[in-house]
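Peer 1: So the protein lines, in turn, are chains A and B.
Residue 102 in our numbering sits at position 102 of the first sequence; the count goes up by one each step and never skips.
Residue 101 in our numbering sits at position 101 of the second sequence; the count goes up by one each step and never skips.
Certain hints may be false.
[Said to hold, decoys possible] Computed footprint of chain A on chain B; a stretch qualifies when at least three of its residues, placed anywhere within it, have a C-beta under 8 angstroms from a C-beta of chain A: (1) 15–28; (2) 44–55; (3) 85–96; (4) 105–115.
Everything labelled a hint here was simulated from the structure, so no lab data went into it.
A virtual CB, placed ideally from N, CA and C, is assigned to each residue, including glycine.
There are 2 protein chains.
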Amino acid sequence: MSENVRDSQAPHGILETVIYCDNLVAAREFYEQVVGLPVVSVEPGRHVFFQVGPGMLLVFNAKATENSTVRIGDQLIPRHGSSGASHFAFEILPKQIDLFRKRLVNSQIPLEAEIDWPGGGHSIYCRDPAGNSVEFATRELWFDD
Amino acid sequence: MSENVRDSQAPHGILETVIYCDNLVAAREFYEQVVGLPVVSVEPGRHVFFQVGPGMLLVFNAKATENSTVRIGDQLIPRHGSSGASHFAFEILPKQIDLFRKRLVNSQIPLEAEIDWPGGGHSIYCRDPAGNSVEFATRELWFDD
Numbered sequence: 001m002s003e004n005v006r007d008s009q010a011p012h013g014i015l016e017t018v019i020y021c022d023n024l025v026a027a028r029e030f031y032e033q034v035v036g037l038p039v040v041s042v043e044p045g046r047h048v049f050f051q052v053g054p055g056m057l058l059v060f061n062a063k064a065t066e067n068s069t070v071r072i073g074d075q076l077i078p079r080h081g082s083s084g085a086s087h088f089a090f091e092i093l094p095k096q097i098d099l100f101r102k103r104l105v106n107s108q109i110p111l112e113a114e115i116d117w118p119g120g121g122h123s124i125y126c127r128d129p130a131g132n133s134v135e136f137a138t139r140e141l142w143f144d145d
Numbered sequence: 001m002s003e004n005v006r007d008s009q010a011p012h013g014i015l016e017t018v019i020y021c022d023n024l025v026a027a028r029e030f031y032e033q034v035v036g037l038p039v040v041s042v043e044p045g046r047h048v049f050f051q052v053g054p055g056m057l058l059v060f061n062a063k064a065t066e067n068s069t070v071r072i073g074d075q076l077i078p079r080h081g082s083s084g085a086s087h088f089a090f091e092i093l094p095k096q097i098d099l100f101r102k103r104l105v106n107s108q109i110p111l112e113a114e115i116d117w118p119g120g121g122h123s124i125y126c127r128d129p130a131g132n133s134v135e136f137a138t139r140e141l142w143f144d145d
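All chains should be modelled from the sequences, with the hints used to inform the complete structure.
Peer 2: Take a look at the structure:
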């Protein structure tokens, strides 16, 4: 990222993307074994956290975070938790498209859709064990750089 | 990002982070005017999309995406949509902490929590118009680089 962007008045990225899965063991197996993300932190029944390049994917059990009373000093960590199928997209390189398609197929995970975007970019969609819509997309979907 | 990371077998980042807001007009006002994100795409009643550094924040009305029948070629874009308070974190620089605290205060948005993490990093939390838990965090919360 250029120094220009880093110095702007806006946030210069997203540090944590969050999804919810009731079954964190199944979520870990999917995101670690199939997607290939390194695990950073595990708290059984509450969360499993992964690194994704320069940011983090946080997977929580909403039952734990909706009623959380975790405090850091005198501050209560704000409560959160949603239900239903959420969505997010991993960024992959064009040369990784075949790799990820193959990994999903080999793990018997249905490819729900595969799209060549009219404006550029390519996406593969599947579901994680909680039913969240997981997309593997190339950067050209949004950016020309 | 180093070429080493880009060439790994894992996704090398998150391209799209998604949240849901019923009131997209209010969501746009918050994320554009208060947070300072550039708007990339608007479809009234369905979505407003923002750029955040090298990625995207997609804000959807779940009522639209849960029953979507949008097709690209012969592919149906997978349906998604969740309800409840979700969570994510913007990445800000240490020198931007005062800026964002001031912006929230000036916009009369309550600071729900402000945390100095024991291992490093600093976070400010507030709620967006839909009640999602929005965090402004410095990179040191997760990374030593």
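Peer 1: Count the residues of the stretch 15–28 of chain B whose Cβ falls closer than 8 angstroms to any Cβ of chain A, and tell me whether that reaches three.
Peer 2: Result for this restraint: holds, n = 5.
Peer 1: Does the stretch 44–55 of chain B contain three or more residues whose Cβ lies closer than 8 angstroms to a Cβ of chain A?
Peer 2: holds (count 5)
Peer 1: Examine the stretch 105–115 of chain B: at least three residues should have C-beta closer than 8 angstroms to a C-beta of chain A.
Peer 2: Result for this restraint: holds, n = 4.
Peer 1: If you look at each residue in the stretch 85–96 of chain B, do at least three have a Cβ nearer than 8 angstroms to any Cβ of chain A?
Peer 2: This one holds; 10 residues, not fewer than the three required, reach chain A with a Cβ under 8 angstroms.
Violation of the numbered hints given earlier is absent; every hint is satisfied by the structure.
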